[in-house]
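Asker: Put chain F on the given structure of chain U with help from the hints.
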Amino acid sequence: MRTPVFLLVWVAISAVVFAGSVWLGNDYIFFAGYVVLQYVVLGTAWNILGGYCGYVNFGSAAFFALGAYSSVAIYRLVTENDLYGLPLPLLMLIGGLVSGVVGFGMGYLTLRLRGAFFAIATLALAVVLQTLVVNWDYVGGSRGAYIIRPERIEPIGNYIQYLFLLMMALAVGALTIARLIEHSRLGYGFASIRDDELAAEASGVPTLRLKLIATTISGALMGMAGAPFPYYIGYLQPSSTFGLDYAVNSIAMPLIGGTTSWVGPLIGALLLGSLQQIATVTISSAVNLLIVGCLLVIFVVIAPNGIVGLVHTYLQRKPEDFVGRRRVEAEMPGKVP
Amino acid sequence: MVFSLDLLINAVVSGILIGGFYAAVTSGVSLSFGILDIVNIAHPAFIILGSYIAYIVNANLGIDPILTSIAMMPAFFVLGSGIYQVYYVSFEKRGQESLRGLAFFFGLLFITEVTLVLYFGVDYRYVEASYIGPSWHFGILDIPMRILVPCLVSLLLTAGLQIFLTRTFVGRAVMAVAQDQLALRLMAVDPIRIKRIAFGVSIATASLAGAFLIIIQPVEPSVGREYIGRIFAICVLGGMGSLPGTVIAAMLLGIVESITATFYGPSWAPAVSFGFLLLTLAVRPAGLLGR
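Sequences listed follow chains U and F, in order.
Using this note's numbering, you'd call the opening residue of the first sequence number 1 and step up by one each time.
Using this note's numbering, you'd call the opening residue of the second sequence number 1 and step up by one each time.
Bound conformation, chain U alone (with noise of 0.2 Å):
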């Protein structure tokens, strides 16, 4: 499938389901599908450089953040001065390129090492940056940020449908931008990267910089999805922000979808954000998030390569070899070779 051909299915895909939920009539349901929305996009972002390169990123809950705060200092700066507000899709590229700039610098200190820096490094940042946050108190500090949002927004009318459309949007935009990268020189380069990087680095591939380019889109897309997040919830704190929650959900995802091609992501983050919601609301949201812990264990130690994974062996065992391992057996009892 050509790319604006995929694009187009998307596009349409999403206007059925926002059409739907518009027609369910329910504000409940853009509220939770928001949150699902916003996982793919993050799940979709850390395997860009997780499922692609090979690199685990332990801060996804960082870059998030740093999209989210990005926009709180804007609203101060413009409530504050008069000014008038930003529309949310430019607060979105500004949060987006604070998160890929952070990303960068990070991935230029510690990927020209081993591996295991880089997430240890970024396991770090997060513990950092919340303290540079709760420090500071333009954003809120340790108290927290208020943002008012709007009722309505013209001409889509309720504010909620247009903070799930734009989330919408932006998921449909990294599942292009994944699948772009999958087919393109660029994805090949991360695969090899993430076989044999002494190899690739000896075949003449540009490890650090394709390196670079991941962590720097990887980290742009999170921060992204984090900068509508205080128009979300109204009430933007640090400790929920740079909660672990989003870091194991943005890891667990891809790992149990699948890491090896856009799908993957898709179908975790769908499943896994579903299940989150329903369990959030029938049982309790620590024991939904222990949940994702032992499903992410389980998931990487009996099925490395996730759902995709198990799906494809599945659908490659042929019926003929049923039937030759059945004549096999009734020949020689015992010996299944």
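These are computed hints drawn from the structure, not numbers from a lab.
Errors might be hidden in some of the hints.
[As the list claims (entries may be wrong)] Distance windows between CB atoms, simulated:
1. U:L208 <-> F:D190: 53 to 63 Å
2. F:W136 <-> U:L132: 35 to 45 Å
3. U:Q237 <-> F:A282: 24 to 34 Å
4. F:R94 <-> U:T3: 33 to 43 Å
5. F:P134 <-> U:Y28: 54 to 64 Å
6. F:F263 <-> U:A19: 55 to 65 Å
7. U:L208 <-> F:G139: 31 to 41 Å
Glycine included, each C-beta is placed from N, C-alpha and C at the ideal position.
Answerer: The following block gives chain F in isolation, referenced to the frame of chain U:
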């Protein structure tokens, strides 16, 4: 902020003491990450587990937390060996440790934390022991016993580990397995068994470190996360698997953190370790006493 010599001296001394405690926290990771090359980012979770066990026993039976944690070390050793076995079979054998192995440990960290939250809530827990309250005064110096005792026991632990690694057969085998697994196999030693033992020892130190942690400060399940940056910063700065290097790096970080906390406020302290880590990675990735 008025700069006073008294304050500075006190900050340096308490930094050295805290550094001794950091050495205990890090020695396990120096063993697993530094020597065995297993990126066990779940180590702080095991430390917190150790803290909670010390807390439960102390709250119910009134037994000293350090004694409890020493008694618990064999159990932690078995736990560590079991985890290494799973890790080896699922990841190391298949050559997938870099991505899925990391995710595995991250999942363990997460599960431990959430389980503790579910059972104990997010309240701060603390222990009681005779040495927690008082402190010693030498002129301008002020040494709280609650930090001095963990520091001394921790130095004993590190020294013991160093002797284990350099003097005993198994310890030398651990050092050897890091260098050449095949050569070890040719000497008729099973490298997987050696690694299992070493990882078990590394987790066993977490039991003791957990007791120190809850003696020094009240503990709640997510405290461990603050230590991830510290632990790996110290481990890298110390030269990856060199225990003397670990002690020096731990004290260095302790001093810098303590000075930062004294003169700029304690809320900035967590950022110090990250700065340390990035600076080390950028300037001297081999660490202070790197091989």
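Asker: Look at each hint and say if it fits the structure.
Answerer: Going through the hints against the structure:
1. U:L208 <-> F:D190: 53 to 63 Å: violated (38 Å)
2. F:W136 <-> U:L132: 35 to 45 Å: With Cβ atoms ~36 Å apart, the hint holds.
3. U:Q237 <-> F:A282: 24 to 34 Å: The hint (24 to 34 Å, Cβ to Cβ) holds, given that Q237 (chain U) and A282 (chain F) are roughly 32 Å apart.
4. F:R94 <-> U:T3: 33 to 43 Å: With Cβ atoms ~34 Å apart, the hint holds.
5. F:P134 <-> U:Y28: 54 to 64 Å: holds (57 Å)
6. F:F263 <-> U:A19: 55 to 65 Å: Holds, since F263 (chain F) and A19 (chain U) (Cβ atoms, about 60 Å apart) stay within the stated range.
7. U:L208 <-> F:G139: 31 to 41 Å: With Cβ atoms ~54 Å apart, the hint is violated.
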